[in-house]
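Participant: These are the residues of each chain, in order.
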Amino acid sequence: MAMFATGTAAETLAQSAPMGPPRSLWADARARFFRNRAAVASLIVLGLVAAFALFGPLVARHSIETIDWAILGNVDEAGGPCFLSGPDNEIPPCSDSGHYFGTDAQARDLFARTVQGTQISLMVGVVGALIAVVVGTLYGAISGYFGGRLDNVMMRIVDILMSIPYMFVLILLLVVFGRSILMLFVGIGLISWLDMARIARGQTLSLREKEFVEAAIATGVHPFRIILRHIVPNLLGVVIVYATLLVPSMIIYESFISFLGLGVQEPLTSWGALINEGADQMRQGLWMLLVPLFFFVVSLFSFFFLGDGLRDALDPKDR
Amino acid sequence: MSETLLRVEKLDVTFAIPKRGALPWTKPHYLQAVSKADLTLARGETLGLVGESGSGKSTLARAIVGTIRPAGGRVLWRGQDLTQYTPAQRRAHGRHVQMIFQDPLAALNPRMNVGQIIAEPLATHRPEIGATDRRRRVGEMMERVGLLPNLQNRYPHEFSGGQCQRIGIARALITEPELVICDEPVSALDVSVQAQVVNLLGALQKEMGLSLIFIAHDLSVVRHVSNRISVMYLGRIMETGPAAAVTATPAHPYTRALISSVPIPDPKLEKSRHRPILKGELPSPMNPPSGCVFRTRCPIARESCAEARPPLEPAGPKHDVACPYHDEVEAVETAK
Numbered sequence: 001m002a003m004f005a006t007g008t009a010a011e012t013l014a015q016s017a018p019m020g021p022p023r024s025l026w027a028d029a030r031a032r033f034f035r036n037r038a039a040v041a042s043l044i045v046l047g048l049v050a051a052f053a054l055f056g057p058l059v060a061r062h063s064i065e066t067i068d069w070a071i072l073g074n075v076d077e078a079g080g081p082c083f084l085s086g087p088d089n090e091i092p093p094c095s096d097s098g099h100y101f102g103t104d105a106q107a108r109d110l111f112a113r114t115v116q117g118t119q120i121s122l123m124v125g126v127v128g129a130l131i132a133v134v135v136g137t138l139y140g141a142i143s144g145y146f147g148g149r150l151d152n153v154m155m156r157i158v159d160i161l162m163s164i165p166y167m168f169v170l171i172l173l174l175v176v177f178g179r180s181i182l183m184l185f186v187g188i189g190l191i192s193w194l195d196m197a198r199i200a201r202g203q204t205l206s207l208r209e210k211e212f213v214e215a216a217i218a219t220g221v222h223p224f225r226i227i228l229r230h231i232v233p234n235l236l237g238v239v240i241v242y243a244t245l246l247v248p249s250m251i252i253y254e255s256f257i258s259f260l261g262l263g264v265q266e267p268l269t270s271w272g273a274l275i276n277e278g279a280d281q282m283r284q285g286l287w288m289l290l291v292p293l294f295f296f297v298v299s300l301f302s303f304f305f306l307g308d309g310l311r312d313a314l315d316p317k318d319r
Numbered sequence: 001m002s003e004t005l006l007r008v009e010k011l012d013v014t015f016a017i018p019k020r021g022a023l024p025w026t027k028p029h030y031l032q033a034v035s036k037a038d039l040t041l042a043r044g045e046t047l048g049l050v051g052e053s054g055s056g057k058s059t060l061a062r063a064i065v066g067t068i069r070p071a072g073g074r075v076l077w078r079g080q081d082l083t084q085y086t087p088a089q090r091r092a093h094g095r096h097v098q099m100i101f102q103d104p105l106a107a108l109n110p111r112m113n114v115g116q117i118i119a120e121p122l123a124t125h126r127p128e129i130g131a132t133d134r135r136r137r138v139g140e141m142m143e144r145v146g147l148l149p150n151l152q153n154r155y156p157h158e159f160s161g162g163q164c165q166r167i168g169i170a171r172a173l174i175t176e177p178e179l180v181i182c183d184e185p186v187s188a189l190d191v192s193v194q195a196q197v198v199n200l201l202g203a204l205q206k207e208m209g210l211s212l213i214f215i216a217h218d219l220s221v222v223r224h225v226s227n228r229i230s231v232m233y234l235g236r237i238m239e240t241g242p243a244a245a246v247t248a249t250p251a252h253p254y255t256r257a258l259i260s261s262v263p264i265p266d267p268k269l270e271k272s273r274h275r276p277i278l279k280g281e282l283p284s285p286m287n288p289p290s291g292c293v294f295r296t297r298c299p300i301a302r303e304s305c306a307e308a309r310p311p312l313e314p315a316g317p318k319h320d321v322a323c324p325y326h327d328e329v330e331a332v333e334t335a336k
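Going line by line, the protein sequences match chains S and L.
Just so you know, we're using my numbering here: the first sequence kicks off at 1 and counts up by one.
Just so you know, we're using my numbering here: the second sequence kicks off at 1 and counts up by one.
If you are wondering where the hints come from, they were derived from the structure by calculation, not from laboratory data.
On a predicted model such as this, the values are computed, not experimentally measured, just so you know.
Glycine included, each C-beta is placed from N, C-alpha and C at the ideal position.
Be careful, since some hints might not be right.
Label-pair restraints from in silico Cβ distances [claimed, not checked]:
# : chain 1 : residue 1 : chain 2 : residue 2 : range
1 : S       : Gln265    : L       : Pro28     : 52 to 60 Å
2 : S       : Val135    : L       : Gly291    : 53 to 61 Å
3 : S       : Asp159    : L       : Lys206    : 56 to 64 Å
4 : S       : Pro22     : L       : Ser290    : 39 to 47 Å
Chain L on its own, in the form it takes in the complex (with noise of 0.2 Å):
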C-alpha cells in the first residue's frame, strides 16, 4: 500500500468554448473544469472520486487517461511526467492504465464480436500474441468476469447491461494493467447488478493487486469500495482523506451536505435526522464565484470566503479539508 502510483499535482483543465456566431479569431470563453487538483494514489489503493454533476470528476479522470489535454500541472506516473510524453508514449502507456464507462452499451462498438472487442487492447499492446493465443486469453479473461467464454463471437447489443458492463471490464483488465479508471461504472445499471459488479472489481482487484479510481455520485457506493475518498466540487477538491474518516466526521460543510443527502433505509431515523439541504443550484463553470467556489451557497459562508481560495489543510490523520472555517459547521448546524 505504500508505494506511489499515480500523483496528480496542481491539475488544471480548461476548455475553450467559441462564441456563438462569432468571427473565427476572437477570443474564446474559457471553461475551467477542473482547477489545480492534487491526487495521490497508492499501488492496490481505491480511491473514490465523488462530486454533484459537472464537478469535473469525469475531465480529471480522462485527462489522467489522457484522452484530455491539460492546460497544467503534472501527472506523475511512477515519478514520469505523462504530460511530457510523445503522442506515441503515451498510446504505449495505455496499457498500464485503462478506463470502464458509465453507460455499458455506448462503450462497445456496435460493429465489432465480444472477442474482437476484449483482444484490441491486446493486438494494441502485445501483437506478438498469435491469434489462436489471443483467443484463448479472451475466453480466460471471459470467463474470469463470469461470462461464458464460446460468446466471444456475438455482438454487444445481444448482451444485458451487466453483461455489457462485464465485458467493459474484461476489455480493460486483459492487457493487465496497474490502475483501472472506472467512471461511474455502476449508474446506469439495475441495484442488484451494481452490487454483482462492484463485488466483480473488488475480487479481480485483489485477485491482480490493482489500482482503482472510482467516480461515483452514490456515496454508498463509493463508500462501500474506496480505501480513500476526495470530493470534488466546480473542479475544486474540497475534501480528501480515508473513506470512514470522510464519511463518518465529514469536515467540509459540502461533503457534509452530500452525506447527508444519502436516504437511511429507516423511515424513523430518516425523518427524526438533521439534513442541511443545499440552497441554489451548481455555479456556472465558466464564471465561478472568486475565493471559495462553494461559498454561495454555504451554510457558514462569511465574507471573507469571497477573498482567496481556501487550501487544503489537515482535519485529522491523512484527512485534509479546504474549509478554514471546517470546525465551526458542527456548531452552526447544530445552532440552526
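One chain only, chain S, in its complex shape (with noise of 0.2 Å):
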C-alpha cells in the first residue's frame, strides 16, 4: 500500500481546490429557481400585485367610502369601469371620474376599494402564512428533536386542535367578539401552525438521525442551539414551499369567511368581499365581479406556480 506523507498531501489538495465562487446551497436553489420561467414569471406578477396594493392609494382618486352621487342611482349604466367611456354608453371619462374599475353598487370607486382589498387579503395571507413558519417550524422541530413523552404531547394537542372544526370556531369568534381584522388574524393564526408542525416534526425526526447533528451532540452543543442551527436551516426548504402554498389557502379562508358576510368590516373590505358583493350584481354590473376576481385568481395562480418552482428549485432530490 503506497503511503502519502501528510506534507504532500497538502499539495495534491492544493490542486483538487474547488474553483469558482463558494457554492452555498441556497446560491444553488437561486440558480435552479431563476431557470425556471413560470416561477419567475409568477414573481413578477406577485410583485406587481404587491406594488399594486401598496402604490394603489396614490393612484386613487376617491376613498374607499365616498359616494358618487353623480353615478348613484344609475350604476348599471354609469357605474363601469371609465376606460370604457364612449359615445355609445354613459359611462363618464376618466378624466372627470377616475373610476379606473368603475364603482361598486352603492357607487363608491371600485379602484380604491379593490386596492384596499388586496392589502387585506395579501396582509392575511402573509401573517398566516408567517405565524404558521414561526411558530410551526420551532414548536415541530422541538417536538421531533426531545422525541420520547415530551413529542407524544406536543403532537396530541396538535391532533386535538385539529380536530376541531376550525370554520366553526372561527365563525364563533367572529360572531361572540365581533368582526374585525384582529379577531381574524387571531382566528387564522390559531390553526394555520398545525399542518406545519406537523411537517416540521416529521422532517425533524430524519434530520436528529443525520451524522452532523450527532456529531453536534458529541461536541457537547446545547440542545437549543442544535435545533437554531443544525435542525431549522436544513427544515427551511421545506418550510418555505410549504409556506408559500400556504399564503393562497390562507387567502381562500378569509375570502370564504368575508364571502360569508362575516371578515372584514364595511367600508374595509377585501377580496372575499368584493367578489361577494360584484356576485350580487353580476346581472347588471359584471365588472364588480371581474375586477376583483382578476386579482384573486392571479394572485392565487401565481403563488402555487410560486411555490412549485421554490420546491423544484429546493429540494431537486423528491421531484
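Join these two chains into a complex; the hints should help.
Facilitator: So, in C-alpha cells, the structure goes:
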C-alpha cells in the first residue's frame, strides 16, 4: 500500500481545491429557481400585485367610502370602468370621474376598494404564513428533536386542535367578539401552524438521525442551539415551499369567511367581500365581479406556481 | 503510556424496540447491543475495535461519547464516572472527547460553511475566543490537516470525500481533545485516500499526544494503526490484547476466522492457506444464544459452551480471551 506523507497531501489538495466563488446550497437553489420561467413570471406578477396594493392609494382619486352621487341611482349604466367610456354609453370619461375600475353598487370607487381589499387579503395570507413558519417550525422542531414523552404530548395537542372544526370556531369567534381584522388574524393564527408543525416534526425526526446532528451532540452543543443552527436551517427548504402554498389557502379561508358576510367590516373590504358583492350584481354590472376575481385568481395562480418553482429549486431530489 | 485515561467497566447498552402495532403500554422488546463490555485506554494509546456489522462497536463508542445512555456499568474518565454527570457537565466534557464519523459528507451540516463547521466546538467550549481569533485558529487547524485555509467560506458539498474527512478531523481536533473516537473513519474512502487519512491521524496523534479508539471492520487498517485490539461479537468483547499478539497469534476462534478472512495479496499463498470459513449468519441480538454467543458458529463448540458466558481469561501477556478452550483451536483446525 503506497502511503503518502501528510506534508505532500496539502499540495495535492491545493490542486483539487474547488474553483469559482463559494456555492452555498441557497445559491444553488437560487440559480435553479431563476431557470424556471413560470416561477419567475409568477414572482413578477406577485411583485406587481404587491406594488398595486402598496402604491394604489397614491393613484386612486377617491377614498374607499365616498359615494359618487352623480352615478348613484344609475350605477348599471354609468358605473362601468371609465376606460370603456364612449359615445354609446353613459360612463363618464376617466378625466372626469377617475373610476378606473368603475364603481360598486353603492357608487363607491372600485379601484380604491380593490386596492384596499388586496392589502387586506395579502396581509391575511402573509401573516398566516408567517405565524405558521415561526410557530409551526419551532414547535415541530422541538417536538421532533426531543422526542419521547414531550413529542407525544406536543403532537397530541396538535391532533386535538386539528380535530376542532376550525371554520365553525372562527365563525363563533367573529360572532362573539365582533367582526374585526384582529379577530380574523387570531383565528387564522390559531389554525395555520398545525400542519406546519407536523411537517417540521416529520422532517426533524429524519434529520435527528443524521451524523452532523450527532456530531453536534457529541461535541456538547446545547440542544436549543442544535435546533436553531442545525435542524431549522435544514428544515427551511420544505418550510418555505409549504409557506408559499399556505399563503393562497389562507387567502381562500379569509375570502370564504368574508363571502359569508363575516370577516372584515364595512367600509373595509377584502377580495372575498368584493367578490361577494360583485356576485350579487353580476347581472347588471359584471365588472364588479370580474375586477376582484381577476386579482384573486391571478395572485393564487402565481402563488401556486411560485411554490412549485421553490419546491423544485430547494429540494431537487424529491421532484 | 502508563496513565489510564479511560476505563469502561461492565458497560451495558439496551435498546427498547416497541412491538409493531402494539398498545403503547405493552412492554417493548429489548435489544442488548452491548453487554458487560470492559475497556481500558492509556494516554497516547490507540485501541482498535473490530467486529462485523451489528457487533456493537459503534454503540459502545457512542456510549463512551455520551450520545447514547448506557443501561448499566460505568465509564470512568480519569477516575470520574461519566454516567453520573448531569447533562450540562456531560456537554462540557465534550471538549475532551471528540468523534470522527464514517460518512464524511453526512457528518457535515450542508447549510454551514467549512469555517463555521470547524469553529463550532470552539464556539461551544471556548466562547471567550473572539471571532477573528477563532477564524485564525480554524485556518491553522485546516493547514495542519492538509486543507487550504482560504477555503473557510466553502460548503461541504464542494469537497471530495477525503477532504470532507479532513474537515471532520479538523473539527474534532480544534478543541485539543485528549480522546478521539474514530468510527470507521476510512471505510467510505478510496484506498489511496484511506492511507492519507490514516497517516494524517497517526501524525496528528503523535503531535498532540491523542488517544484514539479506532473502530473498523478492516483488520489490515486496524493492525496498522493500533497498539491494542479488542474484538467484539454480538455486543461482547471476545478477545483483547496487544495488536501484534492478537493478529499474529489469535486465541479466540472468532478472531481466527476474522483474520483468515483478510485476503493476502499473493495468489499462491492465498490458495495454499487454510481458511476456517464461518458458517451461518450473525444471530439476532434480540435473542442471543445462551452461554457463549459465538457457539452457534464456532468450529470447536461443545455442550458446555451453552451453559455460562465464558469470562475473559489470560492467554498471554496482557492478552485476554473469552474462550476456555482457546488452546484447542489450533489442534482442531489442523486435524480437519
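Participant: Are the hints correct? Go through all of them and say.
Facilitator: Each hint, compared with the structure:
{"no.": "1", "hint": "S:Gln265 to L:Pro28: 52 to 60 Å", "verdict": "holds (56 Å)"}
{"no.": "2", "hint": "S:Val135 to L:Gly291: 53 to 61 Å", "verdict": "holds (56 Å)"}
{"no.": "3", "hint": "S:Asp159 to L:Lys206: 56 to 64 Å", "verdict": "holds (57 Å)"}
{"no.": "4", "hint": "S:Pro22 to L:Ser290: 39 to 47 Å", "verdict": "violated (58 Å)"}
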